[in-house]
Each structure stands twice: as structure tokens, then as C-alpha cells.
Amino acid sequence: MFLKKLTLAGAAILMSGSAMAACNIDGRVSIVGNEFPAIHAVADGAKACSGGEVKANLTADHQKINVAGMTGNPAEYTSAIIANSSIVALMNEDVIRPLDDLVAKHGQSLKPNQLIKINGEVMAVAFMANAQHLVYRSDVLEKAGIQPPKTYEDMLAGAEIIRSKGLMQYPLGGAYKAGWNLAQEFTNMYIGHGGEFFKPGSAEVSINNAQGVATLEMLKALSGYMNPDFLTHDSNATSAEWKAGNVAMMNMWGSRMGPLKDPEQSTAEVVATTTLAAPMTVGGGSTPATTLWWDGWTVAKNVSDADAEATFLAMMNGINPNRLDDEMAPLAVWLIDGYEPTPAAVGVFAAANMNATPYPMLPYQGLLHTALGAEIVDFMQGKESAEKALADVEAAYTAAAREKGFLN
Amino acid sequence: MKHSSFFWFILPTATAMLLFIALPIISVLIQSVHTPHDAVLIETENCGPFGCTTATTIDQEATRALRDEKPLGKFVGLDIYFDRGHLAIDEVAETWANADSLGQFFSDLNNLPFYRAMAFTLTFTFSVTPLMLVFGLMIALGVNALHQRIKGVLIFFSLLPMIVSPLIGSLVLFWMIDSRGIFGSALQWLFDDPDLSLKASTGLTWIMLIVYGVWHAAPFSFIVFYAGLQTLPQDTLESAQIDGASRWQQVRYVIVPHLMPLITFVALIQLMDNFRVFEPIVGFNSEAHAASLSWFIFNDLGGETRLLSSAATSSVLTIIGVSILLTPVLIRTWRDFNAKS
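These protein sequence lines are chains A and B, in that order.
Residues 612 to 1019, numbered by our numbering, are exactly what the first sequence covers, in order.
Residues 82 to 422, numbered by our numbering, are exactly what the second sequence covers, in order.
Just so you know, not all the hints are guaranteed correct.
[Stated by the list, open to error] Computed list of lysine-lysine pairs in DSSO-like fashion (alpha-carbon distance at most 27 Å, straight line):
hint, chain 1, residue 1, chain 2, residue 2
1, B, Lys155, A, Lys912
2, B, Lys151, A, Lys912
3, A, Lys831, A, Lys666
4, A, Lys854, A, Lys831
5, B, Lys151, A, Lys675
6, B, Lys155, A, Lys675
7, A, Lys666, A, Lys716
8, B, Lys151, A, Lys810
[Claimed, not checked] Counterexamples of contact, computed for chain B against chain A with all Cβ distances above 12 Å:
hint, residue
9, Ile123
10, Phe131
11, Ile161
12, Ser391
13, Ile400
[What the hints assert, rightly or not] Listed next, with one range per pair, are the computed distances between beta-carbon atoms:
hint, chain 1, residue 1, chain 2, residue 2, range
14, B, Ile107, A, Glu875, 51 to 61 Å
15, B, Ser182, A, Gly805, 33 to 43 Å
16, B, Lys151, A, Ser661, 43 to 53 Å
17, A, Asn964, B, Cys128, 17 to 27 Å
18, B, Gln185, A, Pro685, 56 to 66 Å
19, A, Thr670, B, Val245, 32 to 42 Å
20, B, Gly233, A, Pro685, 30 to 40 Å
21, A, Lys994, B, Ile249, 51 to 61 Å
These are computed hints drawn from the structure, not numbers from a lab.
All figures in this text were calculated on a predicted structure; none of them were measured in a lab.
Think of the CB as a built atom: it goes at the ideal place given N, C-alpha and C, for glycine as much as any other residue.
Taking the hints into account, I'd like the entire structure generated from these sequences.
Shown next as C-alpha cells:
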């Protein structure tokens, strides 16, 4: 009896929580997406809907399962939460549906810049922005007597001062893990140098040039001030190094700032002196060496119209402006109407204001990313020259692009 | 056994093998000689939170028409087998033509992913397999000589490395050898070199993976050899002792010949397992220094753009590799079998 009352009371509380959103759906909703706090918050909002079953499978391996899980008919996943790089795989396989009719019907609260339009059709609804930017420890920089760096050249000089004064042996951090992370750092730095990845209007790669060499040389110079295990450090491991107080400056994702400023996860000294700043430029360029990202949701093509509508409504509830409370607001730089920037958003906003370049949404960019992550490792270890590494990247990309039918 | 009873006896196994082994292999083979159709690319206007840009996307209508016409994709024969990601025929020929010496040729060959993975996989297979056989035998002999009471406990502890799932086991070791981990720091202190990092050196990474491989696989050979030791004919051993055989001679001339069929069995299984080395590479994040064909398959399927044909080709190459490795052992077993009958 007591249990029954408790359940009822619990249900009542849940109802009152979702009452303000008043989300009723009539259909099946199944979400697949990456795993970090902001995405959890969106999925929780979708789950608050009543009337239909809402499931969410949030995992760091989402990219390995989302295409396969949306290819069948009916698709297992009715919605995939993706970013501007990973929507390409879904577009290439044609597993997501245009949302124009659903946006017209239910999407009045969406701001125009939330609608991701490809070839005139709305293919995704963006809910947050992300970018890598500078973070530094104000106390260490003060002790070393240096200003927060505006350029990567300043960062190198500052790192040398910190090391020579004996403050830290490895003052720089960075997610340089071989594979996706390292390729991302190359992409940032190459854009900062003003490089173009492909010959205009074609899938033919062209990175073996002066900008490519300068990019690699900068990455190598920076890695000299990093923990020697840098090729195994992803964003998680780099954040852990930061929280342990081992790093003074790094280029890190805006979405990782919440945990770095969380007093429960690090010492008071580190939390208090962790300072966010704009992304740096490199090589005298004015474009910051970073990329802008959005995260958004899509609706599967191979599901019934009823399920698609239910999914749209549930996801809309996930990003309902009413849900932006003190807990949810600091988790990300939300694109949702009514979002007021929190201190954790400074870096991403600075990146957007500096007109940072969005990560390229090209069908073959992912292949180049994979090739970069695998082939520039030899250069980072000092085993081959920059030109050779870049030639290897081009060769590996060309083989993959031929296989996928992008090149003949 | 009558032919009809043999037929009914083997039918369920044969059906299962056909369904779950033969058909998938055939499907992988077919996929490895096909690639996706040429993508029809169009220029489009894309808009988002950061403004509008002109970009290239795939023309879905046109691509779908191509796909419907030929669902398997474009037949390319052995092109994928010979491309740079796999056997890299053109690149090898070029390397051969440009190399001044054999050493130069092999070091250039190491730049191609397939040959680099082979170098590691073969080194791994041929160091781990004999080492785990030797260690397994040593542990089995040691445990067998112990008092009955403590045997049970020791057997349990010796089996632990095999019980721990490979990914977890390698992750535990990965953090221990981190430059801030217990082993990593100890080594830095021991060699008085603060920059020493096991993870940053290819040679040390290989050694670490081999040590892990032996640690993980030795319990398997131990438990098989231990079971074999229980069937050791005591009279043969006693007569050897009366003849004055030392402990080493007893092992060399009585115990090892008795265990030989088991040693062949364990070697066979391990050659196969080690050639497919995968979990430690993921667990140790060692793809910068060591990769294997299995890891290539994982990487092809997990990238932002999946390379299905490439993964299929790597799978077929793995099967061919395992077959080549196992041939000598299989021939030997076949000869023994014929000699007996």
C-alpha cells in the first residue's frame, strides 16, 4: 500500500514536472546519440513525454551504430543526435528525412538559425554550439609573468618560460590522441593557417603545401611541451591532466568547461584559476585556429509518419526553452530561444565572434579526417618528414575516396 | 557408423556451419570485390547557426537510381585488395624501384599500413605463442608438484588473467604504465629519466603488448597442460627416475612427448588468436605504434564514413593469413593421423 502511494506520488511529481511542457505523443521514439551531459539533458526532456514509448541509447560509439540502426525499414532509431561532421554520414546514406512540414506544424518556437538547411530542405534542428578555445591557469601565467596568449606562437613562448622557470615540466595540454582527436587538431591549425583541404569544386585533396607543413610543424612544437604520452590522450585524459593541476594552457572543447570549473572534480586552486579565453590564431592569420560545431537532432526516413511526428514532438520537448533551468543552462552553449550565456560559454562565443570557420560539411571530409588521424602520427613521433607525412595522408585519402566513389 | 546415421548425426552441425560460417564468408568475399557506386555530387546551399555556405553534397535521387539498378555496387575485381590500404601493389613496386638497399626497402615498406600491421602481428604471434607455451608448462609443472590443499587456490589465481575480459585487463595495465601510473613512475625513477614513456616508444609499446599477450594467454595453456599432466603414466616416469634421469631430463624426454598432442592443440588455437590480436590495441590506445588487420576492420567500420568494402577485404586477408599460419600445423596433424591409422 505504502509502495503504491509512493509510486503515485512519484508519478504526480513527474507529471507536474512535465506538465509545463505538456508533451503528449502518439508513436514510438528511439534516440541514438553521443554521451555527454548536454545530450543527456535533451534526451531526458524527450523521455518526459507521455503517450508513447521513448528510449534513448547514448554512447560514445554512436557513430558506429547510427547508420546501421537507421538503415532498416522500419528503422530501429527514429532520431539520431549528431554534429556537423556526423550528419554527413547520415546524408550520404540517405537515412534521414526533410523536416520542413514538421517544422511548419510544430516548430514555431525554433529560431531560424537552429534550422540546418541542406539544398533548401531542413535536415536537422541544432540545439547547441561548440568550439575548441584557449583555457589557461591564471596563477601559473602570473607566476611566470606572461600574458594569456593570443597566438600559438605566444603559447609556445609562454610554455618555454613556464618550463625554464621550473613551474611545470609539461605546461601544455591537448587532445592529441592518434586518430580522430589528432586529425581535429590538424584541421584547426590548417584552417588557422588559411589552408584549403580540397581543390575547389572537387574531391581531390590538396594539403601537401606550405600551410600543411607549417601546421604539422606547429603541432610538433606544441607537443614538445606536452606529457610524453600525448598520442594516447583524448579529451577525457587531457581534462584529467588539467584537473590534476599538471597543465597551464590548452586548447579544449567548450562543452568540457563545465567539469573543469566544477569544485567537486578538482582542487579549489585549479578551479578558481581556470580561465576561459578566445581561440588563438596562428602564423599571423586572422582566422582563429579552431572550428565551429553544432549539435542537433534528426528524424529517420524509414519510419512511419506517425512515429516521425512523435519523434519530432519529443525532441522539441527535449529542447523546450522552459527546461533551461540553472542545471541545464551551464551544460552547453544552447542555441535555444531565451538562453543567457553562462561563464562557461565565454570561449565558444568568442570563437563565433571572431568568425571562426564551421567544420566543413563535405561528403568526403570524414575520409580525410580518418586519413589524417592515421598518417600524421609518424611525423609526430619524428619518424618521417612533414612532406612525407602529408603525401601519405593524400595517398590514404585517395585510396579511400576511390573506394567510396568520390574519385575515379 | 552407417552412412545414413552419420548423415543425420552431422546434419545439425553442418547446417549451423553453413549458415553461420560459410555464408557470411561468401557474403564478405562478394562485398570485397564490389565498391559503392560513383557518388553523384551537386553544389548546394547549406545554412545553419553560423550562416550559409555553398557546399558539395550527394545527389540522393541520382545515387538511388544507380543503387536500385545494381544493388551490389560497382564490380571492381581485386582493386581494393591491391589499393594502398591493403596489399598496395603499386606502392610496393615503386618502393622496390626506389630503394637503394634491402634495409631501405623494408623501412619504406613499413610506411604502408598493411605491411606495418603485418610486421607487428607476426612479431606478436611468434613471440607470444612460444612464450605462453613455455610459461604455461612451467606453471602447470609447478602447480602439479604442490600439496593437494593449496592446489585449488593456486589454480584459481593462475587462471585470473584469462578470466578478466581482455579489454578490461589491458585498460588496467594501460593506466599502470601511464607516465603518471605506478609502473610508469617506477620506471622513470629507476632509470632516472623523467621523459621515459612506455607509450611514446614503438619498441616499448610492442614489448608491453607482448607481455600483456603472454600474461593473458598463459593460463589457457597452463590449464590444458595441467589436465594433461593428470594422465601422465606414472610407471614411465618412475622407470626414468630409476634410470637416473634428472628432473630436466624427465621433463624433456617423458613429460613433453606425452603432452605433445596438447601442445599442438594449444599452439594451433593461439596462432589463430594472436594473429587476430585486437583488444590490447584498443585497450592500450596503441594504434600509433602497433595495429593489426582486426584493428583495421574495426577502424573502417567505426569512422565517420564507413568503408565497408575495405573492411570486407581486410576480413578476407585475415582468413588467408590465418590459413597460411595454420598450414604447417595442420599438415603435421594430418601426417600423425595417417601414421596412426
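Here's how the hints hold up against the structure:
1. B:Lys155 <-> A:Lys912: holds (25 Å)
2. B:Lys151 <-> A:Lys912: holds (22 Å)
3. A:Lys831 <-> A:Lys666: Distance ~44 Å between A:Lys831 and A:Lys666 Cα, so the pair is violated.
4. A:Lys854 <-> A:Lys831: Holds - the C-alpha atoms of A:Lys831 and A:Lys854 are around 24 Å apart, at most 27 Å.
5. B:Lys151 <-> A:Lys675: holds (26 Å)
6. B:Lys155 <-> A:Lys675: Distance of about 24 Å is within 27 Å: holds.
7. A:Lys666 <-> A:Lys716: holds (24 Å)
8. B:Lys151 <-> A:Lys810: Roughly 31 Å between the alpha carbons, so the hint for B:Lys151 and A:Lys810 is violated.
9. Ile123: violated (7 Å)
10. Phe131: Contrary to the label, B:Phe131 does not stay out of reach of chain A, its closest Cβ about 5 Å off (not over 12 Å).
11. Ile161: The claim breaks: B:Ile161 does not keep its Cβ more than 12 Å from every Cβ of chain A (closest is about 6 Å).
12. Ser391: violated (6 Å)
13. Ile400: holds (20 Å)
14. B:Ile107 <-> A:Glu875: 51 to 61 Å: For B:Ile107 and A:Glu875 the Cβ distance comes to about 55 Å; the hint holds.
15. B:Ser182 <-> A:Gly805: 33 to 43 Å: 41 Å Cβ-Cβ, so the 33 to 43 Å window holds.
16. B:Lys151 <-> A:Ser661: 43 to 53 Å: holds (46 Å)
17. A:Asn964 <-> B:Cys128: 17 to 27 Å: holds (19 Å)
18. B:Gln185 <-> A:Pro685: 56 to 66 Å: holds (57 Å)
19. A:Thr670 <-> B:Val245: 32 to 42 Å: violated (23 Å)
20. B:Gly233 <-> A:Pro685: 30 to 40 Å: violated (54 Å)
21. A:Lys994 <-> B:Ile249: 51 to 61 Å: About 31 Å separates the Cβ atoms of A:Lys994 and B:Ile249, which means 51 to 61 Å is violated.
Checked against the numbered hints above, the structure violates hints 3, 8, 9, 10, 11, 12, 19, 20 and 21; every other hint is satisfied.
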